[in-house]
Amino acid sequence: MDLQSNLQPESGKLEQIVSQFLLKSLHIILDSRVPSLRPHDRSGDLSLGSQVRKSDKWFNLVLGDRPAALDNLNFWHRNVMDPMIIDVILVHQGSNSPSMAVGGSVETVIERWVVQYEYPRVVAAQPSESSAYYKKTYKKSIILLRALYSQMRLLPAYRIFRQLSTSSRTYNFDIIYKVSSFSDPFSRAEEGMMEEHSFPAVEAYPGRLCISVTYRTTLSDFNLEPSTSMPPKIITDYVGSPNTDPLRSLPSSGKGVSATSFTLRGVQAPAPVPSQRPHSWTSGFHRAAFSAQNQPFVGSPPAYYPSPMPYDYPSPPAYYPSSMPYDYPSPPTDIHGNRVQHYRAPTHQKAISHDDYQLSPPFSPSPSPSSPSYISNAYPMQTRVRSETAPVSIPLPMTSRSFRHLSPNSSDPNRSSLPPLSPRSRRTDPSSQESPSGITYFRKIESLRSGEMQPVTANHYTGQKVTRDSKDDSGRFSGLLSSSGSPRIGFSRSSSRLSFQDEFDDIDFSYPFDVDDVDTSDFHASQNLDGKKASEFTSQSLPIGRKSQDAAVGELVRMLRTAPPLRQDPSCYSSHSMKTELEGGVATASGFFMPRKAVDALEELRSFRDMKDLLLSKSGRVISKEEA
Amino acid sequence: MNCEVCQLKELEVEHFEIREVLRCILHTIVFHRALGLVRPKDVDLELFDVTYVQCGDVELEKKIDEKIEHFISWVEKHPNKKSQICLSFYEVKNKQPSWFTNKIERLYWEQWYINLNVAQHLKAHSSKSHNSKVVVDPGEEERIARRAAVEASLREVLFQIIKFVNEKKDHVPPIPNGDGVVYFPHEVTIPSSSDSAFGMDMIKRMLQTGHPTMLS
Numbered sequence: 000m001d002l003q004s005n006l007q008p009e010s011g012k013l014e015q016i017v018s019q020f021l022l023k024s025l026h027i028i029l030d031s032r033v034p035s036l037r038p039h040d041r042s043g044d045l046s047l048g049s050q051v052r053k054s055d056k057w058f059n060l061v062l063g064d065r066p067a068a069l070d071n072l073n074f075w076h077r078n079v080m081d082p083m084i085i086d087v088i089l090v091h092q093g094s095n096s097p098s099m100a101v102g103g104s105v106e107t108v109i110e111r112w113v114v115q116y117e118y119p120r121v122v123a124a125q126p127s128e129s130s131a132y133y134k135k136t137y138k139k140s141i142i143l144l145r146a147l148y149s150q151m152r153l154l155p156a157y158r159i160f161r162q163l164s165t166s167s168r169t170y171n172f173d174i175i176y177k178v179s180s181f182s183d184p185f186s187r188a189e190e191g192m193m194e195e196h197s198f199p200a201v202e203a204y205p206g207r208l209c210i211s212v213t214y215r216t217t218l219s220d221f222n223l224e225p226s227t228s229m230p231p232k233i234i235t236d237y238v239g240s241p242n243t244d245p246l247r248s249l250p251s252s253g254k255g256v257s258a259t260s261f262t263l264r265g266v267q268a269p270a271p272v273p274s275q276r277p278h279s280w281t282s283g284f285h286r287a288a289f290s291a292q293n294q295p296f297v298g299s300p301p302a303y304y305p306s307p308m309p310y311d312y313p314s315p316p317a318y319y320p321s322s323m324p325y326d327y328p329s330p331p332t333d334i335h336g337n338r339v340q341h342y343r344a345p346t347h348q349k350a351i352s353h354d355d356y357q358l359s360p361p362f363s364p365s366p367s368p369s370s371p372s373y374i375s376n377a378y379p380m381q382t383r384v385r386s387e388t389a390p391v392s393i394p395l396p397m398t399s400r401s402f403r404h405l406s407p408n409s410s411d412p413n414r415s416s417l418p419p420l421s422p423r424s425r426r427t428d429p430s431s432q433e434s435p436s437g438i439t440y441f442r443k444i445e446s447l448r449s450g451e452m453q454p455v456t457a458n459h460y461t462g463q464k465v466t467r468d469s470k471d472d473s474g475r476f477s478g479l480l481s482s483s484g485s486p487r488i489g490f491s492r493s494s495s496r497l498s499f500q501d502e503f504d505d506i507d508f509s510y511p512f513d514v515d516d517v518d519t520s521d522f523h524a525s526q527n528l529d530g531k532k533a534s535e536f537t538s539q540s541l542p543i544g545r546k547s548q549d550a551a552v553g554e555l556v557r558m559l560r561t562a563p564p565l566r567q568d569p570s571c572y573s574s575h576s577m578k579t580e581l582e583g584g585v586a587t588a589s590g591f592f593m594p595r596k597a598v599d600a601l602e603e604l605r606s607f608r609d610m611k612d613l614l615l616s617k618s619g620r621v622i623s624k625e626e627a
Numbered sequence: 000m001n002c003e004v005c006q007l008k009e010l011e012v013e014h015f016e017i018r019e020v021l022r023c024i025l026h027t028i029v030f031h032r033a034l035g036l037v038r039p040k041d042v043d044l045e046l047f048d049v050t051y052v053q054c055g056d057v058e059l060e061k062k063i064d065e066k067i068e069h070f071i072s073w074v075e076k077h078p079n080k081k082s083q084i085c086l087s088f089y090e091v092k093n094k095q096p097s098w099f100t101n102k103i104e105r106l107y108w109e110q111w112y113i114n115l116n117v118a119q120h121l122k123a124h125s126s127k128s129h130n131s132k133v134v135v136d137p138g139e140e141e142r143i144a145r146r147a148a149v150e151a152s153l154r155e156v157l158f159q160i161i162k163f164v165n166e167k168k169d170h171v172p173p174i175p176n177g178d179g180v181v182y183f184p185h186e187v188t189i190p191s192s193s194d195s196a197f198g199m200d201m202i203k204r205m206l207q208t209g210h211p212t213m214l215s
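Protein chains in written order, with numbering that gives the first Met the number 0: chain A, 0 to 627; chain B, 0 to 215.
Among the hints, a few may not be true.
[Unchecked claim] Here are the simulated DSS-like cross-link-like pairs (lysine-lysine), alpha carbons at most 27 angstroms apart as the crow flies:
(1) B:K92 to B:K80
(2) A:K134 to B:K62
(3) B:K8 to B:K40
(4) B:K61 to B:K40
(5) A:K56 to B:K168
(6) B:K62 to B:K80
(7) B:K167 to B:K80
(8) B:K168 to A:K135
(9) A:K56 to B:K167
(10) A:K56 to B:K61
(11) A:K56 to B:K80
(12) B:K167 to A:K135
(13) B:K40 to A:K135
(14) B:K81 to B:K62
(15) B:K92 to B:K168
(16) B:K81 to B:K61
(17) B:K8 to B:K92
(18) A:K134 to B:K80
(19) B:K8 to B:K80
(20) B:K168 to B:K62
(21) B:K92 to A:K135
(22) A:K596 to A:K611
(23) B:K66 to B:K40
(24) B:K167 to A:K134
(25) B:K8 to B:K61
(26) A:K135 to B:K81
(27) A:K56 to B:K40
(28) B:K162 to B:K62
(29) B:K80 to B:K168
(30) A:K134 to B:K162
(31) A:K135 to A:K53
(32) B:K62 to B:K92
(33) A:K53 to B:K168
(34) B:K8 to B:K167
(35) B:K8 to A:K53
(36) A:K56 to B:K162
(37) A:K56 to A:K134
(38) A:K56 to A:K135
Please keep in mind that the hints were generated in silico from the structure rather than gathered at the bench.
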């Protein structure tokens, strides 16, 4: 291989390292500073024995589940040359400074982390041995990230983070964050109270990776203490409520129960932040805005199957006009092209994320990411078919009450069919254990479709690698990769999994049918469908429409779950599905299905009898003919 | 490849603080040098308001704890002395056996010297036991101040480690491939000036590193 041909994959490698570096550092920082994003119980996964996701193995630092925020990074941080500025903001009771007060709380930036790939003005000569050079760069960045990790625990802000995250008490302060590619400089007074620390940069030709932090040396100025408990407030104009979003229709019981997570910390929910910050997002009180904006593909909330096209979300909802971290109306240029094409939209990102799998360290030569077009051409018909069937999806919302949680915790904010307030905080609620599993169904269904509509990858991803990846995952998508599927398709599913799964991580809504975690074998079987089956299912679901929506959903789920033999008459499917039990007891739905079972069985019986008679009569004729 | 040496700032610790302090320092160093796949584990010190990071490897923890026990027993035999613990990282090179060296050669590329001054404050004990009725506030205050000082020094040492780890990276050898926590081979030695065994250790080590000048 001569140097020329080396250049292409090497620059791809560099981009990979840089983007993963940014992701990882963001992960580390958020994990160590923002309590709401942290998975509730980390003690369980301390052993390395449990499977580690390939994407988590970057830089040899396993951190566990990524906060949802990270998945947005790939999207918004379009240019890796832009600095990534992470502000760790302390929200506390304002005492002396009323100017910034919003509802009594003040935001102060206590730490500002700047992670960036510095590109020099004068580019030095390229090192002769590129691959060895990048291996060294990778090794050094591992060390740098380790140092970052340790340093996070030595700075003053760690103390209050621990207070917030480990204690069960509520405090009168909270920590939120903001990520952007630019930032307002500190005032003189603020600067006086802060110190700066820069980590030595890692050479990554042609530039270098730098991390620096400006932090407050002492936090004793703030009055941070446990708060007296406040009664939970009912916020009626939460994101996605019928008042604010006329498109939605909500079950009456679901109203008003959501958004109590806002008050968990005992701080009042403020009005939306006045300043509009393009190209950035934030969390905390901006959580609703954040999650609404940053997961546009969640769509206006209950259209949970929005379009399978996340980036087509037309414009941010009107109710948070001022706190719109990003504007979607004019999509950024490099994504623009992708937005136009339906399923290509995430392709660009997917291509990079596929490389996660290929290039997880120590990296092997990466494929050139130029192959997507090839494969999508091969499946034009299918994509079109899929996109047509996609909208015929599970009918509207999540009328949560009737299902599953017949003994729901009605005050449980998670149960409300409402959106995406910082989903992670919801996850921590032990009563919400099942909702993630419920979510898995949507994910599977969505990825089933979208997976097939995403036939994007380089050819040489082997099916084996793919199955390994599936196992790496938490098991949710393990069923995605069918043994019978072609490697390409299989991989495309996992690739879609990569984004969609994480996307759906963000979607926190309760399900009418709450099914337990997938039984892999079942799902494998169901995954053996080809597109026809998918459309068959959906078309089948249509006639059921007249029955309750919930039942339809349950029916569809069951069908998908139990669809073992591929080509059978629909009548056989229904009989199969009748036999399998829907775990978790879809109470009313099961009641609903009872009569159908009998009716169907009777019909079947009749048809069999007819067939039998026919056959007998025919054979009778044949015999008579033979005899004759 | 040159061998980088880092002398850490001296810490004055009391006997009962040794274990925690050493654990903290040793684990921190290894965490920054264990470049294989790790799942970091945060550990809070009990005596101080410090959190350090471990590699999350049980074997490593055992090994380090053992060494710390050796050190403590050594300190008990030699009280009131300045002592040093040396954590060295080496590369294992297979070499042709010759009559001086074994097959396996260790090439040290980094050495950390942890300097401890184990003080035993007898004053505090006596005042407590004799003047139990007397208000022990002065002693208590002193202890609190002392502990705060130790904590500050410990943090400084940790900062020092992080700084050193980042500044000198070129000498770190390439990461050996493997699954699980892969870290560079390392050893912890307790050099003590009064121990005759120390001298022998040094000579052995020098032989093993195979300086050409020594052999010829």
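Now the hints, each set against the structure:
About 36 angstroms separates the Cα atoms of K92 (chain B) and K80 (chain B), which puts this hinted pair outside 27 angstroms; it is violated. Restraint check for K134 (chain A) and K62 (chain B): not satisfied, since their Cα atoms lie roughly 30 angstroms apart, outside the 27 angstroms limit. With a CA separation close to 25 angstroms, the supplied pair K8 (chain B) and K40 (chain B) stays within the 27 angstroms bound. The straight-line distance between the Cα atoms of K61 (chain B) and K40 (chain B) is roughly 15 angstroms, inside the 27 angstroms bound, and the hint therefore holds.
Among the hinted pairs, K56 (chain A) with K168 (chain B) is consistent with the structure: their alpha-carbon atoms are about 21 angstroms apart, no more than 27 angstroms. Restraint check for K62 (chain B) and K80 (chain B): the C-alpha separation of about 24 angstroms stays at or below 27 angstroms, so the hint holds. At roughly 31 angstroms between alpha-carbon atoms, K167 (chain B) and K80 (chain B) are farther apart than 27 angstroms, so this suggested pair is violated. A hinted pair counts as satisfied when its Cα atoms are at most 27 angstroms apart, and K168 (chain B) with K135 (chain A) qualifies at roughly 9 angstroms.
Between K56 (chain A) and K167 (chain B) the alpha-carbon distance is near 24 angstroms, which keeps this suggested pair within the 27 angstroms criterion. Between the alpha carbons of K56 (chain A) and K61 (chain B) the distance comes to roughly 25 angstroms, so the proposed pair stays at or under 27 angstroms and holds. As the CA atoms of K56 (chain A) and K80 (chain B) are separated by approximately 44 angstroms, the hinted pair breaks the 27 angstroms bound. Our distance criterion of 27 angstroms between C-alpha atoms is met by K167 (chain B) and K135 (chain A), whose separation comes to about 13 angstroms.
Only pairs whose Cα atoms come within 27 angstroms are accepted, and K40 (chain B) paired with K135 (chain A) is accepted, the gap being roughly 26 angstroms. Annotation: proposed proximity of K81 (chain B) to K62 (chain B) holds, straight-line Cα distance about 23 angstroms (limit 27 angstroms). Annotation: proposed proximity of K92 (chain B) to K168 (chain B) holds, straight-line Cα distance about 20 angstroms (limit 27 angstroms). Between K81 (chain B) and K61 (chain B), the direct Cα distance comes to roughly 25 angstroms. Compliance with the 27 angstroms bound is thereby established for this hinted pair.
Of the supplied pair hints, the one linking K8 (chain B) and K92 (chain B) is violated, its CA atoms being roughly 32 angstroms apart against a limit of 27 angstroms. Between K134 (chain A) and K80 (chain B) the alpha-carbon distance is near 44 angstroms, which puts this suggested pair outside the 27 angstroms criterion. Taking the CA atoms of K8 (chain B) and K80 (chain B), the gap is near 16 angstroms; set against the 27 angstroms cutoff, the hint holds. For the given pair, K168 (chain B) sits about 25 angstroms from K62 (chain B) by alpha-carbon distance, which is consistent with the 27 angstroms threshold.
For the proposed pair K92 (chain B) and K135 (chain A), the alpha carbon gap of about 20 angstroms is at most 27 angstroms, so the pair holds. The suggested pairing of K596 (chain A) with K611 (chain A) holds, with an alpha-carbon distance near 22 angstroms, which does not exceed 27 angstroms. Straight-line distance between C-alpha atoms of K66 (chain B) and K40 (chain B) comes to about 20 angstroms, which keeps the hinted pair within the 27 angstroms bound. With a C-alpha separation of about 17 angstroms, the suggested pairing of K167 (chain B) with K134 (chain A) holds against the 27 angstroms cut-off.
For the suggested pair K8 (chain B) and K61 (chain B), the alpha carbons sit about 25 angstroms apart, so the restraint of at most 27 angstroms is met. For the hint linking K135 (chain A) to K81 (chain B), the alpha-carbon distance of about 38 angstroms lies beyond 27 angstroms, and the restraint is violated. Our distance criterion of 27 angstroms between C-alpha atoms is met by K56 (chain A) and K40 (chain B), whose separation comes to about 16 angstroms. Simply put, K162 (chain B) and K62 (chain B) have alpha-carbon atoms about 25 angstroms apart, close enough for the 27 angstroms limit, and the pair holds.
Restraint check for K80 (chain B) and K168 (chain B): not satisfied, since their Cα atoms lie roughly 33 angstroms apart, outside the 27 angstroms limit. With a CA separation close to 22 angstroms, the supplied pair K134 (chain A) and K162 (chain B) stays within the 27 angstroms bound. With a CA separation close to 21 angstroms, the supplied pair K135 (chain A) and K53 (chain A) stays within the 27 angstroms bound. Restraint check for K62 (chain B) and K92 (chain B): the C-alpha separation of about 23 angstroms stays at or below 27 angstroms, so the hint holds.
Proposed proximity of K53 (chain A) and K168 (chain B) is supported: the alpha carbons are some 26 angstroms apart, at most 27 angstroms. For the proposed pair K8 (chain B) and K167 (chain B), the alpha carbon gap of about 18 angstroms is at most 27 angstroms, so the pair holds. At most 27 angstroms may separate the alpha-carbon atoms for a hinted pair to count; K8 (chain B) and K53 (chain A) exceed this at roughly 39 angstroms. Straight-line distance between C-alpha atoms of K56 (chain A) and K162 (chain B) comes to about 24 angstroms, which keeps the hinted pair within the 27 angstroms bound.
Our distance criterion of 27 angstroms between C-alpha atoms is met by K56 (chain A) and K134 (chain A), whose separation comes to about 15 angstroms. Distance restraint check for K56 (chain A) and K135 (chain A): the Cα-Cα separation of roughly 17 angstroms lies within the 27 angstroms cut-off, and the hinted pair is therefore satisfied.
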